[in-house]
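Trainee: What follows is each chain in one-letter form.
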Amino acid sequence: MAIIRDMIPAFDLFQPASVEDALALLAEHGEDAWVLAGGLDTFDWLKDRIKRPKAVVDLSGVEELTGIRDTGAGIEIGAMTPLSRVVGDPRVRADFALLREAAEHVATPQIRNQGTLGGNLSQDTRCWYYRSGWPCYRAGGNTCYASAPKAMNREHCILGRSRCVAVSPSDTAPALIALGARMVVRRAGSESIHEAQDFFIGPATDIQRMTVLRAGDLLTAVRIPEDWAGARHYYEKVRDRGSWDFALVSVAAAFRMDGDTIGDARIAVNGVAPFPVRLDSVERMVVGHAPDEALATEAGELAVAGARPLRHNDYKVPLMRNLVRRAIRSVA
Amino acid sequence: MAEKLIGKDIAAPDLLAKITGRARYAEDFRVDGMVFCKMLLSPMPHARVRRIDASRALAMEGVIGILTADDVPQVEPHREPVLTNEPVFEGQPVLAVAAVDETTAADAIEKIRVDFEPLPFVLDPLDSLRPGGPDAHTHGNVRVDGEWRRLKWSAADFAEAGDERLPMGEATAEWSLGDVDRGFAEADVIVEETIVHQSLTHHPLEPRTSMAYWQNGKLYAFTSTQSTQRTRGALASALDMDPEDIVFVAEYCGGGFGSKISGSTLMQLPAIFSRKIGRPVMLRITRYDENYIGRARPGFQGWVRMGLRKDGRVTALDLYLVEEGGAYGSGDYGTAGNTAHLMYQPENMRFRAVSPYTNTPPKAAQRGPGGAQIVTMLEPIFDKAARELGMDRVEIRRLNAPGPESTFGPRETPLTSVFAREALERGAELFGWEEKKRLSGTRSGSKLTGVGIGLSPYTAGSRGYDGLMVIRPDGKLYVHQGIGNLGTHSIADTARPAAEVLGLNWDQVEIVWGDSSQGLPRSSVQAGSQTIHAHTRANHAAATDARRKIQEIAARTLGGTPESYTMDGGRVFRRGNPGQGMSFAQVARRAIALGGRYDGHEVPEGIHAETVPSVGRVAGQGLVGVARDDYGGEGAIYSWVAGFALVEVDAETGVVEVKEYTGVADCGTVVHPRSLGAQILGGSIQGMGMAMTQRWVFDPEWGVPFAKRLYTARPPGMLDVPLDLRWDALGIPDPQTPVGAKGIGEPPVGAGAAAITSAVADALGGRCLCRTPLTPDIILAELEGRRTFGRLETHVG
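Keeping their order, the protein sequence lines are chains A and B. Under our numbering, the first residue of the first sequence is numbered 47, with each subsequent residue one higher. Under our numbering, the first residue of the second sequence is numbered 6, with each subsequent residue one higher.
Just to be clear, a hint being listed does not mean it is correct.
As the list claims (entries may be wrong) - Pairs of lysine-lysine residues, derived as DSSO-like cross-links and limited to a Cα-Cα distance of at most 27 Å, are as follows: (1) B:K157 / A:K196; (2) B:K442 / B:K315; (3) B:K116 / A:K93; (4) B:K116 / B:K281; (5) A:K97 / B:K116; (6) B:K481 / B:K9; (7) B:K23 / B:K13; (8) B:K452 / B:K664; (9) B:K452 / B:K441; (10) B:K664 / B:K441; (11) A:K100 / B:K116; (12) B:K281 / B:K223.
Quick caveat, the hints were computed from the structure, so don't treat them as lab data.
One chain only, chain B, in its complex shape (with noise of 0.2 Å):
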């Protein structure tokens, strides 16, 4: 490939919006009619709602309707309804009021009167697990095989365990490699550690705010989403309806981090109470109500034995694994077994786990889901066993690290490409490994000096999707982007190998977004750090296509045949005699003339079914592109971060300073330095926030959250945030994809993490907390002997 444009910095076609203030969020949209409406949330953890008077807030002048459970459609216990008679969480909505304005719309909720009747809730999946605990649902606390079921832990299983080790009974998710006690049996060296992993909430920037109203039979939403194409089929399937008779808007994205990733349960909510009033209906998401409905990563408790040969190499992981599971269960475990063996290549491996519901707000993917709490979890423990075996931390992380013949989990899956050796190497070097690890456990005052590694591996591609871009008379290119606009350049970036292919500067493209109405591609969800993967390759085969087509009419308007004509700077013209040739204006003229599958009315054979409709909406714009990915490809797509902390701990305070970090990726090619950079340290920081100080807090007496502002949940600020930050990325392109480039969004955030909770091991010489978040009280509660919670206490500080 020319080149001219991967690799380079390239600002995003919507950063002026952006910094001006015109970008429109969802919450931006007005129409005509249009009513505001604001829910009535559950104040209880767990309750049954036995009657509900509205009458004195339906009297009120301005309130325009309510809307209840009875009206949305009804789901299986297990999945979230828009709203609930059962709700399972405190903060659950329950119902909404639409009104003229939204002060009367609050008002109208303070005036309604529900009677709840409180049932019996859990926080802790522990206690679920306890002989008689209580169930988060009234049908259960586990699901197994699509059932529920009541799984209760005897008495014996907690009383060996005692108060400091995780028990462990019957598990509901369970695999092996190997033999885990021959592991052992050949290992020189065990390591044993308890662990405790916080939950934390998502908090974007944006709360997901919806508006929607219907015309003519068409749904019209606006909605704070990750993707775009995606979230709307989501939307229809849970409204049962075509995705072809929603309008989609979803331009501009505050982020989400997992959280928004098909959009959200509640967006449905505008669209039903708009069908039922008959008025455009918004619903603004304030910080309180993002807290309850805005997602959050499952903690976890865990117990880990890892064995280790003299030479270094784990010979047995034996990994258990107690998921908090949220009100409506979670996954995260999965990927966290999974990650583990990644890492480690242990020869032998066990992996169990358990995810009770709990009665906590919902849990879901958020930024590196399973895998970052796992490698924040599993670092320090493994230097320890480094430690043990003396040797340095670097080499053993290299000795154990995957390389290219490596398969990892139960499946034994392969990997495209894995550079996470060289990563380490490299990231070895910019931080200065050989040097800082002599300040490991240094004290100068009351200060402690510790150095920590994180390596973390996280997914980074899929496969199959649609391109579909159009050259029009104007003579530009119009890639139409089906993915979401997060924040992350995806929609440009991804365009990037389309321009390259098709020999146009970037001021000769323009990209098409967040509008289904302009017709977008079947397109992966804005998720898994998938896209720049998925979408470089999708859009390239586009412009193959687009580039073969204007191959063709060259040739049948100039003469000669279609390959000896080449493309740049938007004219084609023969090899070697630049002067016989044609605009990319002509060509798309000429395309409209041509009809067919020139220009779109004629649909190629293979595309997903939902891109087909969307070909139909550009038909005789111009020139059309249009592929699927078919470039195929073996094993799984995984990008790494090595992340290097400094730290001091203060003796005296417990407080943590992260003094430099450095990150660097193997991510395949590198198509955007800048943003690549922003996404490395802004995932890191991301991480070093869940090491050291976001987190939920619950009322065990009463079941509900308190740290519901940004204030008291913590994510990280300005200055916890080191000043010597650096990042590099390896840029070994990824053999099995024409652009060689791999996903970047989420391998940050355990690399991070990790390697802050192995650097605040390191400066108390070894000692593993084996709890996150570190926060002062912990730490100094625990040099000062004074523990003042539970080994396995969680939702706590």
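Same shape as in the complex, but just chain A (with noise of 0.2 Å):
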């Protein structure tokens, strides 16, 4: 069968209007449906007909799931919310300023109107293998491509690899981790609240999803907390260009300071395993603890700890080492 690319094929159009009318939709038509958000991830997959459902559910109609609203307890993002307005948001500004760094850093301004918050939480890996439509373990074959021997690699993982070597794309995702954020995802009858870290799930535990999202499933919302709002962060991304470039490496961290030490921290990072990766274990170390060089250095070593590059890769683990070391300096 030949091959062709840039050329969408024909598909079933489905816009509802609604929250529980798209539920209804994605119930029915199960496996073969295909949930479009602002369309950038998606629209390689059709165009390059790698991925080729029969009913897409356009949810730009859905106006529920667009918007920023105040909880009490924090704030709701509609699942909708275009990124350029988590990054305008007058509250996310003033309480959750990690997160407006990490959405500004996504691609350019002209996608970041059309992105959305959930597409960019939700959206397939980037490894250049399985988008280029190769049959390895993600796209349900059984081979990985991009850790052969003499394979390109150098913008995949060096940590939670498993058969898979992709990384997760994601700007947003270090940075919700790092607030405490909770997803909201809901299918027909039932709604279920994940945290942050958990809704984005490894090669180990299902090799062809990227997130707990299954079929029938809906990110509806993202909820943050109040715990985080106002603390200090930092965020990192570092690409090869300066716009319109995933992560090599990112890294998104809070810190509350007790004085002059670290009363507590969240740090997070993308762009060295199939899923954005949150520090525990470098949170623990350095609470209760002077920012000072000696523990940022040690932050860093400790974050790399296990890391396993590939060929191309190593280069990698220095960068995010640094980058850890920067976000604990950065509350010096």
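Got two chains here, each in a separate frame; can you build the complex from them with the hints?
Mentor: See the structure below:
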């Protein structure tokens, strides 16, 4: 069968106006359904005819999925809220500037206008073997091309590999983990709430999914509790270009200071594993200590303990180490 | 020259159409009965088609026909065919299907089964040169004197070099000037490096779409191309037909960077397909297609040894380049060798090169081909020598740069003019070199500051083309331009001297371009940064012819000698007596009445055969000015850009941030300042992308590329460009051309790129990574002593 790219094939398009209707459509079409948010991940898959859903459920008409509201115990951001709106929201800017920074590092202004928070969290990996349509584990095949002896894998993982070595591409994911966010997932007749770090799953759990979302599920909102409102934070994304690029490695951290020492900390990195990684052990290590250079160095070393680079991504080890160091240093 | 127009900012006449979306690019054309075609691309880097089963596709409703390699002109194996049964790169078009709409054509392609027999392939030219290494073509891996050869180096050649130095076996191109060994013996300092320069795709914004149909034996072709008349000629030659039987339309082009100089091989496809099925055929090229067929700059694996005396002069330069030739060969290495000689004027030089074919998409000129790469590769190494000698880097460049008496290359070619030293001086002043160089290597937190220089020459002109223009009875001058509309404003800016010669205001001038049925003169290709030089000359010549005819008509009508008449603002009148004269509208009517040479019914001697029928097309429209550029001249025409950059390298992340950039050009008379600034800075930024981010990646096991999309190929974006960007031009006219202007499209690329490679090496204390692009992983791995790629590896990252 010859290959055609850049030409979206025909599918049934559904444009529900309510979450209930969307859930009903997802329930009805099951594995044949594809959820369309901003389209920035979707259209590449469809144009390249690698994913060929029969039914596309376009959420752009579901108004209740867009917007940012105060819940009294924090904020709730609708999954269809454009990233640019997240960036510009006064409450986000005032209390959760870590998320603002992360969202502002996504791609370009045009993509942030079109792309949604839910889409940024649910997007698929950018492993170029997988995205080129190669029949790898993640695509249902029985090998990983990216970890083959001669493979080009500078952008792949150093942690958390399990047959698949792809990385999570989301910029907002580590920020939401650091802020202790919770993801609201609904399906017809039920709702579940997931801690941000549990929303993302690795290939050891399910090699064909990046998140807990299964057919019929819809990520409807992200709730950010007050816990880390106004906390000191650090965000940094290292990429090849200054814009329109995924992270080679990114770090997001929130800190509560207790005088000169770190009272509490939550730190997450992305671009290093098939899921955003929360650095619990580093958090435990730094709490109660002054964020001096020695602590920063120790934290960086601990962060990369157990890293297993592939042939071409050894640089990610010092890069991740240094970004964690910088996060600790930032509160010195 | 009065110079009412030269040196002024005047918007090009197509501006409004472009910004309002009315400009029609190749894919905007629609005609009755038009069908769309899609291509089947090879899924393998080298294969043989054993069998094609298109029965299911052809049975589909809406499918009109199929075009295979059997339907297209057969070419020798080293030339690129339109379609092939032996693809030599992944993505090479094998067949095409036409259907009533594009989705049907695409669905039909998916139903076709092709049985491919995989053949051995090679991506890295050094692999092809290894004993027993694969050949990209079944006929061999290099071509020497027009013949295929299987060139293999010995195991000893490779063993001697080890992993860190370029192996250097038999070269297929070689020249020397002086005695390089003697030059090294005289040197006080010798620097030596192995260098890897990446291959990168052109990725113009507009892919190379084409549409074509036949009517009454004539071909109507609508193509995305840099040139117009010359592309028509190339299409005619490929289809073995008379160019006059082609109505060629190319009014707008969304960029080419050298990849669409005379169109592209695939522009033949809609014409051939249309002839076969009797319907107009549109071939829209997608970004994915463009990645494969849109051409690339060849990469180099190189080795250089440079010797300098204590006084800073280069006594010897020994350069070896292994070029990645791609599927159909490349010749960038030749220009690279000549440019190296031009830049440093070594007292002795040896140049050797080999360019094996590889199973990667075809290479073509990319903005400063050969020159941009070698400047980028050599400048940081030259800096290393300056550092060892304790010399200032501006001073050592000034000292070695060519002057008016200099020659370059194996044929010792002279130059029409060269003000490279002056460009360096002006650049150093504008950039604040004396002050900024004190920041060299300083560290603030994790940031290392570096300053760099790239001095980059490139060709900038040519001679001998024709100008053609008409003053119509509406009193306006219509300048017919056979060059293309690449986005450089050449179609308008090269017409300015005509208006100057004829004393016209700019609103009295119309540009006729982009449609061969209008009658367009023999022109240069829109490439090699030639047009501002070549066509200010040609238009100056034709306007001078028109001026003489206007004076003659005035004298015939009003008495006196032709010389007693002058002209201004659309009137010709007696010198000293403006009241005695006639308008250009009257002149045009009189010219038509007189006929003969005045209105183009008689064609002057000496113009190109291709211009003759075009004069015929305008004959009778008014007063015709037509002439060949016979101004002559001696030597090669080169422009220069001296680029200066200040960068910060983050030692903890490997990220390079360009903080400041200044580019100063020696490109002769400034015709259009704003447009010139856009070329100097735009070209420099393209160079920065080459130095920092843009590249191609291939999987060596399967031979297929990955960086196929703009976001993975990574041309530079807005945030990769420094906020502090400055440019200037010397404005010293080239003495050998009446307008004094030289081209500027290409020289800035090497300047922008080399300023970065030079500045990054400077930030790292003079340590040249000698590899591009300088992505964070490469820099960080080097700083951490954990190199992630082999020293000579290509297509990585």
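Trainee: Next step is simple, just say for each hint if it's right about the structure.
Mentor: Hints and how they fare:
1. Distance restraint check for B:K157 and A:K196: the Cα-Cα separation of roughly 23 Å lies within the 27 Å cut-off, and the hinted pair is therefore satisfied.
2. Proposed proximity of B:K442 and B:K315 is supported: the alpha carbons are some 21 Å apart, at most 27 Å.
3. Restraint check: the Cα-Cα separation between B:K116 and A:K93 comes to about 17 Å, which is no more than 27 Å; the hinted pair holds.
4. For a cut-off of 27 Å, the pair hint linking B:K116 to B:K281 stands: about 22 Å separates their Cα positions.
5. Under the criterion of a C-alpha separation no larger than 27 Å, the hint pairing A:K97 with B:K116 is consistent with the structure, at around 17 Å.
6. Straight-line distance between C-alpha atoms of B:K481 and B:K9 comes to about 17 Å, which keeps the hinted pair within the 27 Å bound.
7. Proximity of B:K23 to B:K13 is assessed by CA-CA distance (about 21 Å); at most 27 Å being required, the pair is judged to hold.
8. Restraint check: the Cα-Cα separation between B:K452 and B:K664 comes to about 12 Å, which is no more than 27 Å; the hinted pair holds.
9. As the CA atoms of B:K452 and B:K441 are separated by approximately 16 Å, the hinted pair is consistent with the 27 Å bound.
10. For the suggested pair B:K664 and B:K441, the alpha carbons sit about 12 Å apart, so the restraint of at most 27 Å is met.
11. A distance of roughly 19 Å separates the Cα atoms of A:K100 and B:K116; the hinted pair therefore holds under the 27 Å criterion.
12. Simply put, B:K281 and B:K223 have alpha-carbon atoms about 14 Å apart, close enough for the 27 Å limit, and the pair holds.
Figure legend: structure checked against the earlier numbered hints; every hint is met.
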